Structures are given as C-alpha cells and as structure tokens.
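Line by line, the protein sequences give chains A and B.
Throughout, my numbering is defined as the position within the first sequence, counted from one, plus 11.
Throughout, my numbering is defined as the position within the second sequence, counted from one, plus 11.
Worth flagging that the hints you see were computed from the coordinates, not collected in a lab.
Quick caveat, the model's predicted, so the values are computed rather than measured.
Even for Gly, the Cβ is constructed at its ideal location relative to N, Cα and C.
Some chain B residues flagged as far from chain A (calculated, every beta-carbon gap over 12 Å):
{"id": "1", "residue": "Arg19"}
{"id": "2", "residue": "Arg122"}
{"id": "3", "residue": "Ser143"}
To be clear about the criterion: a stretch of chain A counts as covered by chain B if any three or more of its residues have a C-beta under 8 Å from a C-beta of chain B, and this derived list gives those stretches:
{"id": "4", "segment": "43 to 56"}
{"id": "5", "segment": "90 to 99"}
{"id": "6", "segment": "127 to 135"}
{"id": "7", "segment": "150 to 163"}
Read off the chains here:
Protein chains: 2
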Amino acid sequence: MTTGKDFRTETRPDDVAAVRDLAAATGYFSASEVAIAAELVEERLQRGPASGYEFLYADDSGRIAGRLDGYACYGLIPCTLSSYDLYWIAVHPDTQGAGLGRRLLEDCERRIRALGGTGVYAETSGKAQYVSTRKFYERCGYATGAVFADFYGPGDDKYVFVKKLG
Amino acid sequence: MTTGKDFRTETRPDDVAAVRDLAAATGYFSASEVAIAAELVEERLQRGPASGYEFLYADDSGRIAGRLDGYACYGLIPCTLSSYDLYWIAVHPDTQGAGLGRRLLEDCERRIRALGGTGVYAETSGKAQYVSTRKFYERCGYATGAVFADFYGPGDDKYVFVKKLG
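Okay, chain A solo, but in the shape it has when bound:
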C-alpha cells in the first residue's frame, strides 16, 4: 500500500498511458475527460513546471508495471494570487476504500499550503453516481461553493467544492 510519504512527484513518459488507464478504470470520467487527464500529463512532460500542473502519483508498488493505484493533479489557477485547482484525483477501483484518496488530497493540500496557497477548488458532477465523490469532499472539510444547474448537460449540474487553507 502506498503511504502518504512516498507519493512520486516526477512525471515519467509512461504516466501518460498510466493516467489514461487509471481514469478510464474508475468509470467516473467520460471519454473526453479521460483524454484531457492524459493531455495534462503530456503537457507536464513537454513544458515542465511552466505547464502549471503538479502531480502526485501513487505507484502500484511494482505489482503491475506502469499501473497506478491513484494520482492527483493540482496547480495555481492562472490570474489568481494563491487559489489552487484540484484538476484531478482518482483512485483505482482495486484500491478504493482504503483511504488512498484522502491521503492524496491531504498531501495536495499540504503542498499547496507550502506554496502559499490559500484556497483549493474542486469540481464534480451533481449526478447520482457522484454522490460518493461529493461526500468524499465534504468528509475532507470542503464546502459547496456553488452549484451550476445543467452545466455538464441536462440534469447534470456542476458542484464546486472549496476549502480555505488557514
């Protein structure tokens, strides 16, 4: 089991496929969302820190080469002083329920705080299938900052969760 202490932060070329596989395996993301998740990894590889995307990777402890247990992606929101977006967080179905998501999120927050961040924003869907995602953010101390009706599509609202960092 990956512990909070050893999340990998360097992006490697095989993470593009690993993130694509992981995002698809969760069943939570549409095809275009999976493609975007992988694109952010590519952009990090090409542009480095200038991409604005920081990653935490929970490796599969070497059980399956190139497979991830989970990952998170965050970054300073352009044109803000200290607001950060949690662009992605995902945990492999085989690993869910063991607290890895919370450890990834808390490590993101720790790193954001260290960078001078004052707020973290995370977006998710209001559809029934995402109730566990919304409860996850609430359990982790996030407040519902906004709900945009029918944002993603008819009957598919966008929730914006916010956590202020002290």
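Given the structure of chain A, go ahead and fit chain B onto it with the hints provided.
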C-alpha cells in the same frame, strides 16, 4: 460606429497585437490577463476552430489601422454538452458608453444559441472597480451564479454570471 451586423469573425495575425492593445487600454485587466487574452488569439490562429475559441471583432472603422473598438471571445466549455464560456469581452475606452459591449454580448448569445448552446458563463472580479462590469451583465439578463470569496486575491472575489438561453 461598428454595428451588430458587421462584426468580423475571422482572426487575422494582426489581431494578436490589437487584442493585447485593446485589453491593456481598458485598464480592467492585469498584465497576466492581457497576456492570456493575446494567447487565445494566437491559439485560434494556430489551431483554427479546434482551439475552441470563437471571436467577434469590432474593427475601428479604418480610423486607426489595426485598432479594435472592441472584441469578444467565447467557446464551448470542454466536457460540457452545451455550456459556453464568455472568455473575454472588451470595449476600447474611446468607444465605451455607446452600447457596443451589449451588441457584442448579444451577438455572442445569438451565435451560441445557433450552435445549440443552453447556457453562457462569464466571470469577473468583485472589486469596486468592476461594479460597472457586474451591472453590465445584470442589465443584459445575467444572474449571479456564484461568488467565490478571495478567489483572485485577498479581498478580490470571483463572480460567476450565468444566462440560460431559452
């Protein structure tokens, strides 16, 4: 005076500088925001419609070569079915108060509706200097969908305005 009928929609190479000059001239945008405004024009030139950015340009009626009276930039929000972001709208100070902003916005909405769009989202600052911007959206039928405290910086909230298209 540019009328609603003749907004130019094709992006030309000199629009990069023209949009940069216009955005800077308004005094409403930070240096990094002005840079991003110009980058979106560059991305449109490089990637065409695949950039996801559509533009309306109000030319300066030939009075000053390469100068714009105003412009707007909108596009389908990735991973949504029919939600559009009004990324930018700006009117030159010499032209403000004559209704050009409203004509640009209404033409964006007309084009978004024709593309099947069901909602338009526009973000702006909660600072006192943007009170006229916020009143502009309200006059044009937008509702305040969310306010994120201290989003841009301390004391600088983000307002998200929303208009549902019937």
